[in-house]
Amino acid sequence: MELTQFEDVFEGKLAKNEMVEPKDWMPDNYRKHLIRQISQHAHSEIVGMLPEGNWITRAPSLRAKVVLLAKVQDEGGHGLYLYTAAETLGVSRDELLNNLHTGKAKYSSIFNYPTLTWADIGAVGWLVDGAAIMNQVMLQRTSYGPYARAMVRICKEESFHQRQGFEIMTHLSFGTADQKAMAQDALNRWWYPTMMMFGPPDAESPNSENAMKWRIKRETNDQLRQKFVNQTVPQVEYLGLTVPDANLKWNEAKKGYDYSEPNWAEFKQVISGNGPCNKERLAARNKAHDEGAWVREAAQAFAKKRKEVYEAA
Amino acid sequence: MTTQEALFNYTLRLGDTNLILAQRLSEWTGHGPFLEEDLALTNIALDITGAAKSLLEYAATIENKGRSADDLAYFRNDRQFFNAQITEQPNGDYAKTIARQAIMDCFDYYFFTELAKSKDETLAGIAQKSIKEVTYHLRHTSSWLERFGDGTEESHNKAQTAINQLWQYTGELFEMNEVDEILLKEGIAVDLNLVKAKWEKHMADLLAKCTLTQPENVFMQTGSRKGIHTEHLAFILAEMQALPRMYPDAKW
Chain A
478 MELTQFEDVF EGKLAKNEMV EPKDWMPDNY RKHLIRQISQ HAHSEIVGML
528 PEGNWITRAP SLRAKVVLLA KVQDEGGHGL YLYTAAETLG VSRDELLNNL
578 HTGKAKYSSI FNYPTLTWAD IGAVGWLVDG AAIMNQVMLQ RTSYGPYARA
628 MVRICKEESF HQRQGFEIMT HLSFGTADQK AMAQDALNRW WYPTMMMFGP
678 PDAESPNSEN AMKWRIKRET NDQLRQKFVN QTVPQVEYLG LTVPDANLKW
728 NEAKKGYDYS EPNWAEFKQV ISGNGPCNKE RLAARNKAHD EGAWVREAAQ
778 AFAKKRKEVY EAA
Chain B
10 MTTQEALFNY TLRLGDTNLI LAQRLSEWTG HGPFLEEDLA LTNIALDITG
60 AAKSLLEYAA TIENKGRSAD DLAYFRNDRQ FFNAQITEQP NGDYAKTIAR
110 QAIMDCFDYY FFTELAKSKD ETLAGIAQKS IKEVTYHLRH TSSWLERFGD
160 GTEESHNKAQ TAINQLWQYT GELFEMNEVD EILLKEGIAV DLNLVKAKWE
210 KHMADLLAKC TLTQPENVFM QTGSRKGIHT EHLAFILAEM QALPRMYPDA
260 KW
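So the protein lines, in turn, are chains A and B. Numbering-wise (our numbering), the first sequence opens with residue 478 and increments by one. Numbering-wise (our numbering), the second sequence opens with residue 10 and increments by one.
Read the hints as simulated data drawn from the structure, not as lab findings. Hints are not guaranteed to be accurate.
To be verified - Taking lysine-lysine pairs in the DSSO-like style, the calculated list, with each CA pair at most 27 Å apart, reads:
hint : chain 1 : residue 1 : chain 2 : residue 2
1    : A       : 509       : A       : 583
2    : B       : 141       : A       : 781
3    : A       : 781       : B       : 207
4    : B       : 105       : A       : 764
5    : A       : 782       : B       : 105
Stated by the list, open to error - Pairwise CB distance ranges (calculated):
hint : chain 1 : residue 1 : chain 2 : residue 2 : range
6    : B       : 260       : A       : 509       : 49 to 59 Å
7    : B       : 76        : A       : 509       : 28 to 38 Å
8    : B       : 86        : A       : 665       : 30 to 40 Å
9    : A       : 509       : B       : 209       : 51 to 61 Å
10   : B       : 130       : A       : 498       : 48 to 58 Å
11   : B       : 45        : A       : 637       : 16 to 26 Å
12   : A       : 637       : B       : 260       : 21 to 31 Å
13   : A       : 764       : B       : 214       : 28 to 38 Å
14   : A       : 665       : B       : 260       : 20 to 30 Å
15   : A       : 658       : B       : 86        : 25 to 35 Å
16   : A       : 770       : B       : 134       : 36 to 46 Å
17   : B       : 255       : A       : 785       : 53 to 63 Å
18   : A       : 653       : B       : 196       : 40 to 50 Å
19   : B       : 130       : A       : 717       : 38 to 48 Å
Glycine included, C-beta positions come from ideal geometry on N, C-alpha and C.
Bound conformation, chain A alone (with noise of 0.2 Å):
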């Protein structure tokens, strides 16, 4: 076949909604979008157990124990499904990994911002979950099937985690009045880091377009951060909690929220390095690698030594 017919096949498969299989022939450009789009959703999920991993140790009942360490253990879950999902594409978890540790692989930044009392476990699992979701919702029919199907169980998984949050936060509002306002600060200060992680305004996000073409993003940024806005007042309101913009108000003629815009400026120091807990995250993450190498390395040496007596047998 000449190199047009694959192109033809593939473009055939998107025009019908079909899904694109790791054995399919697919453009260089879709590849390096997915790897680069999977892997950073891989590398979030492992960098996210570290903000709430920080407080497994210190939560306040048995159940919310055993809760978030279910929590925890499903993010790396979802980490190993994405890494498996980018390896159908070609490159190695060594390889993403390494990219992540050097700092050359990008995160979500919401990870950034450091968990600093319980009502961040709740807010991290009500709104930055909930942001997930719905960032997350339309890959699960996205072009290419193994991504697609990673996110179908992790989309499950991550409505839980909401429900699990939002119920930490209903426990702290309609608490003491100092659970309260340990909620409406954790509300303060993750808002508007959870309305950057839908991305920059549409007129200045540079990988939209062919990701709309590829059914790898389907909405644009603009609209999701609308839609979370919109389910998300309501919630807000039911906590008996204020959101902290002054300028939100319902606006009937879009059916919507008009709400202040984040502080993009922060949005891009954090992106670049500069955030709260960067630094942290990544010297935590090049710990955990460089002192588990010895380990990884005895795993290895000793099924070496297995096999060759397996051989020799």
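Model the placement of chain B on the given structure of chain A, informed by the hints.
For chain B alone, coordinates are given in the frame of chain A:
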């Protein structure tokens, strides 16, 4: 000491041992040597925290003074904790964590196997559930100890150092006091001499398979049956209990 008091103390001993071990294990979450192992260790921590929760809930029921499992976990001081000292030892490197866990998994395997026959139905039920989990934990940690023992020179040395450091805390696991005597008569408690014989045999075989040397003539530390601990426990509790103690009226 009444049977009820003995049963309360016995259940606390089991609950605390699981709680503190899980607390230590969960320090690894997100920091494991590679992703699969991070997940596996977190899973073990999750199982053990679950067992601790069931045991402390039962302890609260036995005590019957209006305290909950959370009250027992979060509002007792280190001198009122009865976990085995080995569980509070710092994680150290991965070999130390694995060695500590293999020692405890092996103990729990034989202990819960016996406890499953207890006349106390609640304890027997918790033990039956735990055996299934511990069987998997023991397989996992034993296979890692073997990889370390018979892997590289570095991993062998780390594993041997870990075993050498931890061995002094293994004697305590089999100590019996008045509590055990009272409950043994009732057919509730486990005869730890029986568990000890099985544990020793299993560990000797395991260490040999791992090409590791079992320490000899080790002076055994003691204290946890009386609520006496190493310096580490108070720090663990300071971290674990901070939030409920800061807001004693709060519900989480």
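For this session: Would you list, in rising numerical order, the hints stated earlier that this structure does not obey?
Result: Hints 2, 3 and 7 not satisfied by this model.
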